[in-house]
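Asker: From the two separate chains plus the hints, produce the assembled complex.
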Amino acid sequence: MRWLLALTMVAASALAADERRSGAEFMSAATQTMQRDDAQNPGMLWVASGEAEWNKSCVKCHGDARSSMRGVAARFPALDAGSGKVVNLSQRITQGQGHKPLPAESEELLALEAYVAMQSRGMPVSPPQDAETRAAASRGQQLYNQRIGQLNLSCAQCHDHQWGKKLAGSTIPQAHASAYPIYRLEWQGMGSLQRRLRNCMSGVRAEIPPFGAKELTELEAWLAVRDQGMKMESPGVRP
Amino acid sequence: MARALIHMPANAKRGEIIEIRALIGHPMETGYRVGADGKVLARDIIRSFACRYNGEQVFGAELHQAISANPYIAFFTVATESGTLEFTWQGDSGFAHTEKMNLTVSAS
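Line order of the protein sequences matches chains A and B. Residues in the first sequence are numbered consecutively from 614, following the numbering used here. Residues in the second sequence are numbered consecutively from 310, following the numbering used here.
There's no promise every hint is true.
[Claimed, not checked] Subject to a maximum C-alpha distance of 20 Å in a straight line, what follows is the list of computed SDA-like cross-link-like pairs (lysine to any residue):
no.: 1; chain 1: A; residue 1: K827; chain 2: A; residue 2: I761
no.: 2; chain 1: A; residue 1: K713; chain 2: A; residue 2: S670
no.: 3; chain 1: A; residue 1: K669; chain 2: A; residue 2: K698
no.: 4; chain 1: A; residue 1: K669; chain 2: B; residue 2: A383
no.: 5; chain 1: B; residue 1: K409; chain 2: A; residue 2: A661
no.: 6; chain 1: A; residue 1: K827; chain 2: A; residue 2: A665
no.: 7; chain 1: B; residue 1: K409; chain 2: B; residue 2: Y341
no.: 8; chain 1: A; residue 1: K669; chain 2: B; residue 2: R312
no.: 9; chain 1: B; residue 1: K409; chain 2: A; residue 2: A665
no.: 10; chain 1: B; residue 1: K409; chain 2: B; residue 2: A383
no.: 11; chain 1: B; residue 1: K409; chain 2: A; residue 2: A652
no.: 12; chain 1: B; residue 1: K409; chain 2: A; residue 2: I761
no.: 13; chain 1: B; residue 1: K322; chain 2: B; residue 2: E390
no.: 14; chain 1: A; residue 1: K779; chain 2: A; residue 2: T644
no.: 15; chain 1: B; residue 1: K409; chain 2: B; residue 2: T397
no.: 16; chain 1: A; residue 1: K698; chain 2: A; residue 2: A744
no.: 17; chain 1: B; residue 1: K322; chain 2: B; residue 2: S415
no.: 18; chain 1: A; residue 1: K669; chain 2: A; residue 2: S681
If you are wondering where the hints come from, they were derived from the structure by calculation, not from laboratory data.
So here's chain B without its partners, still in its complex pose (with noise of 0.2 Å):
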């Protein structure tokens, strides 16, 4: 079940600088754990995380084992125009989600 939380504004004016947060639910196993039984659990964590502004690229990160369970990503850019937001989250088997957020700009 994967969930995802957005908070960003819903309307900016043009030129103003937005905080974007996204919080999404992810185990983050390692992979250097052992578990109950004696074996190692499988690395199972999210590798990349992107948001593109009506199709454009304005933030990635990649992210690695040492990132807590559940990761937490805060940034800002530059409302220029009015459209969507797309979040997507990419990682191990196979995993992969995306929400998406509409963003008004009005002029100044």
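Isolated chain A, as found in the complex (with noise of 0.2 Å):
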């Protein structure tokens, strides 16, 4: 019964699955080997910095995270049950016991949730199946289909029916998740999949939740149900 509910709602996003495409397919091929070669890529400093907190910080109670992190990342946001809220991997990180409150987006955090995250690459996104992260999903969902901004354009608008199509000169993406937290050339940094969205927002003019924002997890939640099956990339690199 479970499968059947999230095949539906896979089949519910205007993208069949055998035509979801990851962001790192549109990007050049000296970016997709930035990305692919660990020497190079620069997200690997976040890691680097991750694997010390995790080894300062976190290891006492969660142990390797070789092994006790093996495919955390793939299954967020998900519940947590402390809190009764759908939260996403960074959100969940900070509630750890082992360090100080980390503010988001700030370069600590980034690099324990990209020292996670990459514990789980190449495995296949897997959003949870309870009710509770299935309605954020669905929540989600209506976001991603509802107008916004001064331009009144909604995410579906551009990922899903414009995707491949230049936007200013660049591609546009389909929207996949699955790097996440990324290295964006850009930025000259990493930043996390909230960072991403709330660019999307400025982008079109829109108000713009605060980091943390219930929307946004509700976003990446729908993402993440978007995603399922496809393969972990973090940490990515994007132009």
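Answerer: Written out as structure tokens, the structure reads:
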């Protein structure tokens, strides 16, 4: 029954499963190589910092991340039993007991997120199937299809219906989120999926929710459902 | 938090050409950008990079504003003898970072 529900949710997306293409496929060969080659991928600097932080603050309870965190990032956003809220990976990391609370989008948090996400590289995105996460995803789906901003555009209008075409010289990708957190060349640094979502909202001149806002996490939950089965690429590189 | 990652072989045959790839975390602030407060952000870049193989410099580079953040430098050298390669980056406001890597060279 569960897989049937999951299937209907994926089918509800305007993109058929076999049409899905990672954002990496729209990049130049040089940028693809930069992502593929760990010696060149600048995201590995954050992974290295995250590993050092993990071995200082997290290892006592969670053990070796290479086994304990394997596949974890592929299952977020997920329901946090303590607060009863659906949280993304970085929000979950900040709840850890071993370190002081980390501000959203801080270098330390991005480093830990990158290190944990790295342990799921190559694994399929597998969003949780509990009722709360699914409800958050379906609210996220509504947001994805809702026109916003002065430009009056929804996510779907570009990323489902116009992907592959050009927007100001850049190719519009299909908005798959399996490579986050990413090193974006334009940012000259690492950034989370929420930073990327806020970018798009600023682009259509909409009101931008703050980091950690419920809407952003719900959008993330929907993107995870939409990406179900796609391979995790973290840490990704994007132009 | 200076972070650097170096990729190179740990072992090589004498006379073999080896590739060394060095990546360092650095903002490479150009000195031309304006911050949110309207003031120009002070230049903060790495000025030079050098690799010394058992004390002898085998590669060096000067870096300038047009180079992106987190510069990646790849180069080749000939494995002559076992020893240590020392990598140093130096830059504005007293920035300095050193990494050391060992190389074991076997007779052909």
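Asker: Each hint should be assessed against the structure and marked as holding or not.
Answerer: Checked hints:
About 16 Å separates the Cα atoms of A/K827 and A/I761, which keeps this hinted pair within 20 Å; it holds. A distance of roughly 9 Å separates the Cα atoms of A/K713 and A/S670; the hinted pair therefore holds under the 20 Å criterion. Using a Cα cut-off of 20 Å, the hinted pair A/K669 and A/K698 is violated, with the two alpha carbons roughly 28 Å apart. Restraint check: the Cα-Cα separation between A/K669 and B/A383 comes to about 31 Å, which exceeds 20 Å; the hinted pair is violated.
Among the hinted pairs, B/K409 with A/A661 is consistent with the structure: their alpha-carbon atoms are about 17 Å apart, no more than 20 Å. About 30 Å separates the Cα atoms of A/K827 and A/A665, which puts this hinted pair outside 20 Å; it is violated. Between B/K409 and B/Y341 the alpha-carbon distance is near 33 Å, which puts this suggested pair outside the 20 Å criterion. Our distance criterion of 20 Å between C-alpha atoms is met by A/K669 and B/R312, whose separation comes to about 16 Å.
Distance hint between B/K409 and A/A665 is fulfilled; the C-alpha atoms sit about 18 Å from each other, no more than 20 Å. Proposed proximity of B/K409 and B/A383 is supported: the alpha carbons are some 16 Å apart, at most 20 Å. Under the criterion of a C-alpha separation no larger than 20 Å, the hint pairing B/K409 with A/A652 is consistent with the structure, at around 16 Å. For the suggested pair B/K409 and A/I761, the alpha carbons sit about 53 Å apart, so the restraint of at most 20 Å is broken.
In summary, the hint linking B/K322 to B/E390 is supported, as the alpha carbons are separated by about 9 Å, within the 20 Å threshold. Note on A/K779 and A/T644: the hinted pairing holds, with a Cα-Cα distance of about 18 Å set against a maximum of 20 Å. Note on B/K409 and B/T397: the hinted pairing holds, with a Cα-Cα distance of about 9 Å set against a maximum of 20 Å. Between the alpha carbons of A/K698 and A/A744 the distance comes to roughly 12 Å, so the proposed pair stays at or under 20 Å and holds.
Among the hinted pairs, B/K322 with B/S415 is consistent with the structure: their alpha-carbon atoms are about 5 Å apart, no more than 20 Å. The suggested pairing of A/K669 with A/S681 holds, with an alpha-carbon distance near 16 Å, which does not exceed 20 Å.
Hints 3, 4, 6, 7 and 12, counting from the list given before, are not met by this structure.
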